[in-house]
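Taken in sequence, the protein lines are chains V and D. This note's numbering applies: residue 172 is where the first sequence begins, and numbers increase by one. This note's numbering applies: residue 172 is where the second sequence begins, and numbers increase by one.
Because the hints were derived from the structure by calculation, they are not lab data. A portion of the hints provided could be inaccurate.
Identical copies carry no separate label here, and so any pair may be met within one copy or between two of them.
[Unchecked claim] Restricting the straight-line Cα-Cα distance to at most 25 Å, the calculated cross-link-like pairs of lysine-lysine (BS3-like) are:
| # | residue 1 | residue 2 |
| --- | --- | --- |
| 1 | 252 | 263 |
| 2 | 280 | 401 |
| 3 | 365 | 260 |
| 4 | 280 | 227 |
| 5 | 347 | 263 |
| 6 | 402 | 365 |
| 7 | 301 | 365 |
| 8 | 391 | 280 |
| 9 | 260 | 347 |
| 10 | 391 | 402 |
| 11 | 391 | 401 |
| 12 | 404 | 365 |
| 13 | 260 | 361 |
Here is how the chains run, residue by residue.
Protein chains: 2
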Amino acid sequence: MSDKAAAEQDTVVEVDANDGRGFQPVDAATAQLAQLAVAEDTQEAEEDDDLANLPKKVLLRLDALRKLQEAQAEVEEEFEKERKQLELKYEKLYQPFYHQRAEIVTGAKEVDAVSAEPQTEGDADEEDVKGVPGFWLRALMNHSVLADLIHERDLAAFEFLADVHSASHEEDNGFKLTFEFSENPFFTNKTLTKEYDIGDASESGEAVLRNVTGTVIDWKESQNLCEVTKKVKQRAKGGKGESRVISRTEPCDSFFQFFTPVEMPSEEDDEDVRAAWS
Amino acid sequence: MSDKAAAEQDTVVEVDANDGRGFQPVDAATAQLAQLAVAEDTQEAEEDDDLANLPKKVLLRLDALRKLQEAQAEVEEEFEKERKQLELKYEKLYQPFYHQRAEIVTGAKEVDAVSAEPQTEGDADEEDVKGVPGFWLRALMNHSVLADLIHERDLAAFEFLADVHSASHEEDNGFKLTFEFSENPFFTNKTLTKEYDIGDASESGEAVLRNVTGTVIDWKESQNLCEVTKKVKQRAKGGKGESRVISRTEPCDSFFQFFTPVEMPSEEDDEDVRAAWS
């Protein structure tokens, strides 16, 4: 980012970590300490070795504890379902606010205060200012993690970012991010999306990221922000001092790499790793 | 931890991060990306400077966005309340499971399978094994963060740890951890507690840790696990070669330091820091 852009970023809008998904920073730090529970051990072979020395009475008690844990897990599954429903309910309640925000930001709808404002002399210059230019760039730049993803070369494209929204999956913990763009010189897509397919926490006790998909961007000619073309001097084969200049295209850092489809490690890969270690 | 203890720790029980507080690891990683919202800026002075250059129409639109955000915050507050209620409801539903677990672990109640077991010859040795010895030590040692807090000197005291439980505050996001001990040679307290006073997330948009309190442990004579007494040779003042041996008591690493009351930085301290930086 340029200094000017950096100086601009510290006001007006920011990404809000408290987003209605039930995530709270303090929870994350304290949750692990907060409650302690017996967990089913999946490494049964190892366990058998280790437990072989325990008195039989103790083993029978451990077995009872395991059954107790299974019964509690069923109740926890109900909790996860209710929590999910609550989150979906509020996600729907937030939509009218997001919709109105998008209208104001893009200028699709004017706010009353502007309409009521009497036309004064200086206003002539402002005729063309529609909505809130740069709103989303500022919002994203105010988030430390996102700010690092945005590079100077991306800034011109962000002028055309009209709205960003997220939609949770109804059936699991996944969600889909949508970036809406207006007509722009960079790509022809109207929306760029990134979707996270996240398993149901109640199944395995822990939500697992199963898959991530992104939009393939249809870049306009020579406008690909994720690539740079370098001119390289190349010496001709066997030639003495003769050389020619060729172009070489390489991937480069850009926010738009965010949409590049991610390859997830397969279960087979996991097994390979395991085999290599054993 | 000794090697033996370390070898014992990898089975049977473990601390469960998925504890019904709505915390999920994946949420933590993705929540910040998931939804983007306008946030009220508290640094009004800076903001005024930065916004002075914006056209008046845009300022009026930003004002409308701010009001929209405030209206949404009220709905979010309702969400936080409902979520809290849901968590409390399930915390209550989990209690019978925790209660039964404590009974089995401490041996307060025998499990049916043991009672039904016919008495065989080898059982004579087992007569005295009550409940599940070392259950909580194993549970805590299976958690990477907690394992680092537990030192070899603490192990003997953990034999007397009968139960660990957590209770959420009804009115805010705080909670209280209680460690129940049976009669032991180390301290006279029956319970050691640590309480986290955590603000309501709906007030400021972010849960804030306001205060942490811990139990002052009544150590029995010479049994304080949080202190070591060292013998130090001390040369007499002005004496030539004369010296005496004195005892010096120093704090040392122990799990039980966990209960040492924490001094929270006051708001005045915050101001001092701010003044130092400006």
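Check your understanding: What label fits residue 391 with residue 401 when the C-alpha limit is 25 Å: within, between, both, or neither?
Key -> Close inside one copy (19 Å), not across copies (75 Å); limit 25 Å.
For this session: Measure nothing new, just compare the shortest in-copy and cross-copy C-alpha distances for residue 280 and residue 401 to 25 Å and report within, between, both or neither.
Result: For residue 280 and residue 401, neither the intra-copy (44 Å) nor the inter-copy (76 Å) Cα distance is at most 25 Å.
**Asked** Is it within a copy, between copies, both, or neither that the alpha carbon of residue 260 lies no farther than 25 Å from that of residue 361?
**Response** neither (28 Å within a copy, 45 Å between copies)
### Query
Taking 25 Å as the upper bound on the Cα-Cα distance, should residue 365 and residue 260 be classified as within, between, both, or neither?
within (22 Å within a copy, 35 Å between copies)
Go through the copies and call it for residue 260 and residue 347: within, between, both or neither, with a Cα cutoff of 25 Å.
Within one copy, since 17 Å is at most 25 Å while 30 Å is not.
Within, between, both or neither: residue 347, residue 263 at alpha-carbon 25 Å: Cα proximity of residue 347 and residue 263: one copy only (15 Å, versus 34 Å across).
Copy assignment of residue 404 with residue 365, given that the CA separation must stay at most 25 Å: Neither, since 39 Å and 68 Å both go past 25 Å.
Note to self: With identical chains, the pair residue 280 and residue 227 could be close in the same copy or across copies; at 25 Å between alpha carbons, which is it: within, between, both, or neither?
What the structure shows: Between. Shortest inter-copy distance 17 Å satisfies the 25 Å Cα cut-off; intra-copy 74 Å does not.
| task | Go through the copies and call it for residue 252 and residue 263: within, between, both or neither, with a Cα cutoff of 25 Å. | result | both (17 Å within a copy, 17 Å between copies)
Inset, instruction - Using 25 Å as the alpha carbon limit, work out where residue 391 and residue 280 are close: within a copy, between copies, both or neither. - result: For residue 391 and residue 280, the Cα distance exceeds 25 Å both inside one copy (30 Å) and across copies (73 Å).
Report task. Evaluate residue 391 and residue 402 at a C-alpha cut-off of 25 Å and name the case that applies: within, between, both or neither. Result -> within (21 Å within a copy, 78 Å between copies)
### Message
Within a copy, between copies, both or neither: which one fits residue 301 and residue 365 at a CA-CA cutoff of 25 Å?
### Response
neither (28 Å within a copy, 55 Å between copies)
In terms of the numbered hints stated before, the structure departs from hints 2, 6, 7, 8, 12, 13, listed from lowest to highest.
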